[in-house]
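Produce the complete structure using the sequences and hints provided.
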Amino acid sequence: MRSGSLRTYSIAASTSMRERLAYPGNFAGSMFTYALFVFIFSRVWAGAYAGATEIAGYTMRMAVWYFIIAEIPSFGFGRFFWTLSRDMKSGQVAYLLARPYDFVSYNYAEKLGGSLAEAGVILAEGIAVGLLLVGLPPAAAPGAAGLASALSEAGRLGFLVVSLLLAGTLNYFLQAALAMTAFWPEENEAFFWIFQKLTLVVGTLIPIEFLPRWAARLAVWTPFPYLSYAPARIAVAFSLPEALSLVARQSLWIFAAVFLARAVFSFGSRRLSVNGG
Amino acid sequence: MGTIRMARPLGRIRAYARFMGAAFAFNLKATLEYRVNFVLQFFGMLLNNAAFAAFWMVLIERTGAVGGYGFSDVMLVWAFVSTSFGLAHIVFGNVRHLGRIVMEGGLDVYLLQPKDVWVNVLSSRTIVSAWGDFAYGFIVLALTSGTDLQRFALFAALAVPGALIFAATFAAAESLAFFMGNSSAVSSALTEFMLSFSLYPEGIYGPGMRWALYSIVPSGFVAFMPLRVFKSLDWGLVPVLCLVAAVYVGLSYGLFRLGLGRYESGNRMDARV
Amino acid sequence: MAAIVADRLSKTFSTRVRPAGRLSALRSFLRPENRDVEAVKGVSFEVGEGEVVAFLGPNGAGKSTTIKMLMGILRPSGGSASVLGLDPVRDRLELSRCVGAVFGQKSQLWFHLPPSDSFRLLGAIYEIDDDDRKWREAELIERFGLAPFWDVPVRKLSLGERIRCEIAASLLPAPLVLFLDEPTIGLDVVAKREIRQLLADAARIDDTTVFMTSHDMGDIEKVCKRAIIIHHGEVVVDETMKDLRHRALSKKYVGVRYASPVNLDLPSLSPVKRTAVAASYEVDTREHSLAEVVRALAAKGELEDITVEDEPLENVIAGIYSARTGAEAQAFGTGLPGAGRAAPEALGA
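These protein sequence lines are chains V, X and C, in that order.
Numbering of the first sequence is given in our numbering, commencing with residue 3 and proceeding in unit increments.
Numbering of the second sequence is given in our numbering, commencing with residue 105 and proceeding in unit increments.
Numbering of the third sequence is given in our numbering, commencing with residue 5 and proceeding in unit increments.
Bear in mind the hints are in silico, worked out from the structure with no lab data behind them.
Listed next, with one range per pair, are the computed distances between beta-carbon atoms: (1) X:Trp339 with V:Ala130: 41 to 51 Å; (2) V:Leu38 with X:Leu337: 26 to 36 Å; (3) V:Ala152 with X:Val290: 36 to 46 Å; (4) V:Leu38 with X:Val140: 31 to 41 Å.
Treat the numbers as computed from the prediction; the structure is a model and nothing was measured.
Each residue gets a CB set at the ideal place from its N, CA and C atoms; glycine is no exception.
Now the structure itself:
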């Protein structure tokens, strides 16, 4: 049985967003770390491109912009696991479960809503830092001018935003599936660490194209590239067919992840063992 | 505050060594109480470091040396930073909590005990995950340099001043809490600065940056210089690094004493934040 | 009709046991050993509509587990529960519309936002339309005195103010049953008194069935009409507060003070505390006549003061809690066999 209307979920998302914005000081730490990372990586890429103008199809400017966008999901959407695990282990989940809504959807609305505030701030910061360090990102349609150029820039921006939202959604459902294994009494943090590090290596620190060919081929069949590679690729090497394909693959993985999260929830809540006592 | 006795270094070194040994043993026992947690954190740390190793392997495979460092150089820099950082947090576990302790008036406990406040507060805790960092350096060393005993000895000898420099700079950043209302943001930014800059090749930073990396953010002394010393097997520079470490410790200690003069246990921040 | 029915409700948790000795973590990983812990063993009771019941028991007795089963959050291992005629697990969503909950140590309010925002979201969750919500809010603001901090972020409220908001929030959807888990924990005397009054009002005005746990005797005596005590996972007492108090009435504390020193021992009754001129006695009225004791004391010398007090309810409950078995706890203070004074040191007597 489904319950809760779209209105409930949108109010949950906006309340949670305002809760995060009520304390902008909260963002200072991650904004600082993010800027530091972007700066250091711009130096790393400068070092790597000392003897080459293009590596694996990326110029240095593309590589830096790639990193700027690929890190946004880690900073904006990287903590769902911890907040949900904390709710479950502290027993706060007792409130969350005893309400007339669909738990998985409600939590998605609430958690994603809160994280959008942070992701937006980081995105704005990333654009500013990127402009400062390496200038404009490469044009969406090199060679085009006037209206055509403006259209493709708008298209890229649209796809970028959609792809970032999908990356956040996919992040949420995968992390929720991992976090809800806390219904079983075992330690579950190790799963998340492995997930987090794979995300880092597969498409966040470095574009997929840099990986050895076999690894890159394998990677596209895992969900990891769709957490950070997809939006970053759209930002630095926009083409309509590829953007469509990336967004479609992100959506497919979201379907799979929603199914997985719901399965874990329905098995887990059946043998619930949250802090009794 | 004038009643606090300064430790006379030479006469009391033995007493302090015994005290720190006892604190260390106590902390170790406390750590072992949470074995599962310990094992998890240990492997978590290894996994984290392995992720970055994979990144460097992929990148250097593509580009050749970056900033003058090959893959094994980057790995050794990680080894030095990891082991020194780990050692600093194993022995001086409170080093990144000092600011909070000062702000919350938590120094009172230590002021009442007949031991130097700085040493006492820093060593009265140990960080579980630091053991993973500590061990990681040796694992990398074994993988890159085999079982050459001399290299292991040199590595260990270089990690000790490294740990002291880490501890001294972190403690100095945290000591800012004496001088500003809420220093936690500044302190954690400084510590992050120090750690992050140390983990990348020296050559990627411009000359201006490099000045900073051998002074206010001493990445040079915990990562870049140890690497050069290690590669050239130059034991002669070990005492130099120890001297550098002594200077950092002295400065950090001085800053703490200066701050302690302004310490008011009553300035406990509102705990409901 | 009964609002809450628990019928031989039980819950067994399976916890992992770590074997002792070396490499224990590794061995338990390779060959996990589980041990079943019976948190609740066959608890049965009924609570009528509009009743206000205290659900008591020492820490670890199974109170929260029982409440969570009644709310459909935990699935019972055995027996059955029914709340408002619904099966809590099967009909969780339907039930959750008519049930409210307050857990003293957890918060349902958003920390950095004012209560008004949390109420708005709760209104949406319970699908109350905006007009109804505003009307209901106005009533709760009035009753709970929330107006001064209605637009102040929750983090700036005192604990007492926060709990007032929590309870008001849980009453927003006008629940038919309200579960409270230690609602007054950590509050000062004045705030506790306010909360108790508000809870008693909620039961009276909204005709809400209230089912609350607490360790505070004041909460229980002031708010509840009936007490269910569970211990070692079983119901050991289920009676009205009046009956429970009767258990206390069989024991009186008599205190005397004389103008000059006298022999303070009575035949067959020694003081439990004494100085040269004053003493206090514990009188079990099933063994001694209170009138005779007082007469005998008055005959001993010139009395300056005499007091007769009931045993505090807290002692009765402490006695029940400190019982080692369910049967011992049931018998406590009733004069039945096995009644004895279980672990008197726990009574602070």
